[in-house]
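Be aware that the sequence shown starts at 1, since it is given in the UniProt record's numbering, and climbs by one per residue.
There may be inaccurate statements among the hints.
Cβ pair distances, simulated, as ranges [said to hold, decoys possible]:
1. 184 with 247: 25 to 35 Å
2. 5 with 119: 45 to 55 Å
3. 269 with 234: 34 to 44 Å
4. 206 with 234: 42 to 52 Å
5. 5 with 262: 13 to 23 Å
6. 22 with 184: 41 to 51 Å
7. 275 with 54: 47 to 57 Å
8. 269 with 5: 19 to 29 Å
Everything labelled a hint here was simulated from the structure, so no lab data went into it. What you are looking at is a predicted structure, and each value in this text was computed from that prediction instead of being measured. Virtual Cβ for every residue (Gly too), placed ideally from N, Cα, C.
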Amino acid sequence: MAEPEVLDPGVWRVPYETPTLPPATATNTLIVGTRRLAVIEPATPFATERAALDALLTERAGVGAEIVAVLVTHHHGDHIGYAFELAQRWGAPIYAHSLTAARVDFPVDVALADGDRLELDDGYVLRALFTPGHAPGHLVYCEERTGIAYAGDLVAGIGTILIDPADGGDMSAYLDSLARLGAARPTALVPSHGPVITAPQECLERYITHRRQREGRVLAALNAGATRMPELLAGAYGDTPREIWWLAERSLDAHLRKLEGEGRVRREADGQFILT
1 MAEPEVLDPG VWRVPYETPT LPPATATNTL IVGTRRLAVI EPATPFATER AALDALLTER
61 AGVGAEIVAV LVTHHHGDHI GYAFELAQRW GAPIYAHSLT AARVDFPVDV ALADGDRLEL
121 DDGYVLRALF TPGHAPGHLV YCEERTGIAY AGDLVAGIGT ILIDPADGGD MSAYLDSLAR
181 LGAARPTALV PSHGPVITAP QECLERYITH RRQREGRVLA ALNAGATRMP ELLAGAYGDT
241 PREIWWLAER SLDAHLRKLE GEGRVRREAD GQFILT
């Protein structure tokens, strides 16, 4: 069973096993506050993992703490698996963006907008940063005392981030969100999957650079005469293992839609893509 990583006296990270996308096997839960606790991303559907989180919170409650909020970043199944049941168990409200509330099958008690703040205690405050792109209602939670940001699926400490238009993914919005988080100047990032990222600016710049470079490969494939998805996939993602080309195709679609939106590519009725 995972042990809590204490990032600050009022910020604890615990990875709990979830049915997430490999190579990740767990989703991080963050517990913020000393007496008034917010639980970010209680995601596990597994009984033994839930029991471990319950025991940890019960221990905190035994020394006077109170769970006052359950927060989720977005609607994907590996991020919400224990949100409703945990909130019911402790009588705490669930916080999320309204676009997330529209996509989950449980009630969201408080709809958060960009810049909304949740004050806890001892100077711990969570500020919501609206960061769509991976999911329409994605929020990053920035803790103001420490500067630590719970980044959700904006970045990953293990694996990669999928931008899937079929699920509301938007590459242009995603790149804007990476830049917005960078402008917030976090001191560290806690991604939903993987270890804490201690060089946040380098990480965010690397993510932006990687997506820009991939876009360049898509444009190069188009310039070389590729016009259909299989040809573009081979040209732009030839460095990607074939066994995950089914995922790469979704990212390719996201890049093409971004280029379409910018008027740089035209999608023909027969499915061909043409440079404009």
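*Do the Cβ positions of residue 5 and residue 262 conform to the proposed distance bound of 13 to 23 Å?*
Because 41 Å falls outside the window, the suggested range is violated.
*asked:* If I claimed the Cβ atoms of residue 5 and residue 119 lie 45 to 55 Å apart, would that claim hold in this structure?
replied: violated (24 Å)
*Measuring from beta carbon to beta carbon, are residue 206 and residue 234 in 42 to 52 Å?*
violated (25 Å)
*Starting from the hint 25 to 35 Å, judge whether the C-beta atoms of residue 184 and residue 247 obey it.*
holds (29 Å)
_Assessment of proposed distance window 19 to 29 Å (beta carbons of residue 269, residue 5)_ = violated (53 Å)
*residue 275 and residue 54, beta-carbon distance inside 47 to 57 Å?*
holds (56 Å)
*In this structure, is the beta-carbon distance linking residue 269 and residue 234 contained in 34 to 44 Å?*
Violated, since residue 269 and residue 234 (Cβ atoms, about 23 Å apart) do not stay within the stated range.
*Within 41 to 51 Å or not, the Cβ separation of residue 22 and residue 184?*
violated (30 Å)
The earlier numbered hints that this structure contradicts are 2, 3, 4, 5, 6 and 8.
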